[in-house]
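Asker: Protein chains in written order, with our numbering: chain Z, 1 to 272; chain G, 1 to 291; chain Y, 1 to 407.
Calculated from the structure, these hints are not laboratory results.
Note that CB positions come from ideal geometry on N, CA and C, so glycine has one too.
Warning: the hint list may mix true and false statements.
Stated by the list, open to error - DEER-style ranges, computed between Cβ atoms:
#: 1; chain 1: Y; residue 1: R203; chain 2: G; residue 2: G216; range: 35 to 45 Å
#: 2; chain 1: Y; residue 1: T48; chain 2: G; residue 2: P121; range: 51 to 61 Å
#: 3; chain 1: G; residue 1: D188; chain 2: Z; residue 2: T68; range: 20 to 30 Å
#: 4; chain 1: G; residue 1: P121; chain 2: Y; residue 2: R334; range: 24 to 34 Å
#: 5; chain 1: G; residue 1: D135; chain 2: Z; residue 2: L132; range: 52 to 62 Å
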Amino acid sequence: MTAAEEERSIAPAPILRIDGLTAHIAGQQVVEDVSFTVPATGITALLGRNGVGKTSTIKAIIGLIDRTGTVELDGVRVDREPTYKIIRSGVGYVPEDREVFSKLTVAENLRLAERDAAPRRQLVEELFPDLLARSGQMAGTLSGGQQQMVSLARALLNTNKILLVDEPTKGLAPKIVAEVAETLAEAAKTVPILLVEQNLQVVRQLAEGAVVLSGGRVVHTGNALDFLNDDGLTQRLLGVSTEAAHTEAAHTEAAHTASAQTPAPAEKGAAL
Amino acid sequence: MSTLVLLLFTGLGLGALYFLVAAGLSLIYGLMGVLNFAHGAFLTLGAFTGWEIARRTGGDNWWTFLLSLLVGAVAGALFAAFTEFVLIRRLYQRHIEQVLVTVGLSLAAVALFDGIWGTDPVFIQGPAWFKETTDILGARIPNDRFICIIAAVLVLLALVFFLKNTRYGMIIRAGVENRSMVTALGIDVRKAFTLVFTIGGAAAGLGGVLASHYFGYVSPLLGGSLLIFAFIVTVIGGLGSLTGAAVAAVAVAVLQQFANFYLGGTGDFVVVLALALVLLFRPSGLLGRTS
Amino acid sequence: MTTETDATETQDAHGATGGTPAGSRRRAANRGAAEGTHDGGRAPLRLTRGKVVGAAVGIAGVVLLILLPLLNLSLPGVLPGPTYTPGSLQLLAMCMLMAAAALTYHLLLGVAGLLSFGHALYFGAGVYGLAIILQNLDIPLLPAMGLTLLVVIVLAHVVGSISLKVSGIPFAMVTLAFAQAGSVVVGRNPEGITGGDEGLTLRTNNLPDFLVGVANTRNLYWLALAVLVAVFVIVTWVQSSRAGHVAAAVRENELRVRVLGLQPYLVKLLIFVVSAVLVCIIGMVFLLLQSGAVPRAVSADLTITLLVMVVLGGVGSRWGAVIGGVFYTILDQRLTTLANSDAIDALPEILRIPLSEPLFILGTLFILVVLFLPGGLTGAAQRLARRRTRRGGDRVQKSREILEEAA
Ligand SMILES: Nc1ncnc2c1ncn2[C@@H]1O[C@H](COP(=O)(O)OP(=O)(O)OP(=O)(O)O)[C@@H](O)[C@H]1O
Ligand SMILES: [Mg+2]
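Generate coordinates for the entire structure from the input sequences, incorporating the hints supplied.
Answerer: Next comes the structure, spelled out in structure tokens:
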């Protein structure tokens, strides 16, 4: 962990710097004095149990909920800007629960998201051929997985400085989880990603850094694998033992597609 | 039979007026969550400016009428755009305060109309054809009904085309569904706010000119009385649904006419009763979002 | 759901090892809510210095108001003549009735978070109900009032239970529609019982003598004062009762109250009905004071006037409602006098037209208050006081929150 911190201090300037971020929803403080940075390359995971304020943190960053504190994107303070300007300055946002416009067609959903002069339609068509075939379909009638594709495609259409991706594998079948993970890995080659993810397999596979929240506060930052391999720490902060998961992961590393969703009975036992 | 047809067309004509008011109300509410009490004032302003045109150009001919429609719509649109830009925008996301401001505006505007044009109704003359009747299945339908119906259908078609085929239309439809996600795609949704207000105001202004011909007069209270039925129409049709507003406008107006004729002038009650029933059994309205 | 999610969820649900700050904070919040509704019952007993001073000022004010008809005070510019003259007493009584009516509206908006646009229906039912009964039945005043109240109780239950199916802005629209139906009936004048546009003149045959005639204006003044004090006490009591606290909790977070097993719907209905009954009583006294019923008493305009009063005074504040009611009534009266004055007549048209319309000025004033004076007059007063003593100032915040929660 100290090594990781050292590495961070000599690393190039972060793409996103959050300092003292605090947010309230319905009179309740849901994000408390959160500070962390996201490096300019790779995937950083934002972890924590249900309800600790991961989604709220992401929303606070782009101003979807009222907040105080500093948000610096690529060295420029954006926290005084309205949401749409923050997004236009180079943020791709993939919300929790997809939030596609259900009464708009797939094509309309995508067209709405285009903000670059030359949006990368080609790329999106290659990544999600399924969407091309369904471009005239109402997005509300798509399957959950297909909706997630639309949601990801909306962010990938434009050139971004960072992607904020909130639980992209929530409620998806193992095969789709793997596809989503693959897409994110591919995207991460060109753009840094802040990823909220409950599926620790996916985190293990993708993330380099990890920021862990508890009760609206940052309680741990460091290397993602180091964190996941520290059983005591994950037990304490996520309430889950990762031992079973990573031994299993070792077996199935090659065919990672299938393992992501396999329930491990030992985990539940351990958690209780 | 001829009474039936006459009632039907009178109802349709009135429904057309309700729709012209309700369309804007419903879109504004759907997109912005604002209940616009000043909408009636947009209509009244449209009616008075239309009347001024008719009075000044002196002609009860078609050109005067078309010009007054245009000027009424523009007046309503400008008033509405001003309202959004100067008053509503300052209170972004504060829905009740926004309602309060429109309440204050409607009080002030109606009082000002009183001061300028007087409290008594002023009577209006259209092209002579309006007062003639057309024979349909034995019923003699006053021609101004057709004008209202045609205008409302054209407005409906134009709105549907705009919503379906333009980028702003798309933004408005998306915003009605999930406004914050629209901003999270990097779109300045406030421009769409000004736009729906302007469109709503234009439709109301147009409705004002038509209403003045339908009723034969203009008064500062014209907008207020239509507004209340337009509220009922938007609730019954489902807040935010344009098609809902169209269907409910016709249903409410026709029901009102029939009840007035066959049930001894109880039209307004039957409408409120219908509202109560819809609320009891389908609180989100006929075509509203069921959530 | 991934395994990890399941595991954490299960654990959170059981709260077995819990202990995360978020978990405990949330539980603490819930406990707080539960306790909030409990210690609500004790709240009125806790006397702060502010409350004692407030009560003392209130009592002194009431004593002064009781004595007013016996005194010879002049307030030039505010009252038309010395305080013992019927004209001044009539205006003061009107102020007090409007203040009381604004208080009942405060009960809806400030306490239960209900933005009603149909409150005039119950005021009008009091005015017209009593006028019609006195006109057509040969019964004394009190039974006639009782009968009117009975009608209003039933009416408020029916309308309330339907309107409360929706909330926020749809609630506003629906209450407006119901009230409009009432207004339409009065305008239609079925079988000549409402008098249509002309309204009804109060038939005085069955009224006690001391309430009839200009000479007895001061009795009506005292009656209005009694109504205001009674309404203030009742509203205070409702607000600090269990129902009032549940209503406030519902306003803040309906879901949480439902989780606690309370019935937000019934509590809201109760407050809706109480407020309707009170405003109906005020309407009946209004009828006696005005010796007649006019269609404006059931119009949406009247509801809007009450709303304007409450907002002018400061949403969420009882004193705000009273001050708003008095301020508005006097201003309206003065502006009307001003509108007909020669000074205004001499102005060029562009100034004369707006200035000769009291509602134009009041509407504009209202807009300005909403835009620039959140918390209304009491909020502004508190801010001024705070600038001197560096404390308080939560009135503005409270008004904002109430309005946010009503949406
Ligand atoms: N609209 C809201 N109203 C009230 N409370 C809210 C609202 N949105 C979020 N919260 C509360 O804020 C806290 C943080 O929520 P948030 O959605 O950020 O959690 P999360 O970490 O994303 O959880 P999950 O893993 O389940 O997605 C939770 O306690 C939640 O109940
Ligand atoms: Mg979340």
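Asker: Now tell me, hint by hint, if it's right for this structure.
Answerer: Hints, verified against the model:
no., hint, verdict
1, R203/Y - G216/G: 35 to 45 Å, "38 Å, holds"
2, T48/Y - P121/G: 51 to 61 Å, "57 Å, holds"
3, D188/G - T68/Z: 20 to 30 Å, "23 Å, holds"
4, P121/G - R334/Y: 24 to 34 Å, "30 Å, holds"
5, D135/G - L132/Z: 52 to 62 Å, "56 Å, holds"
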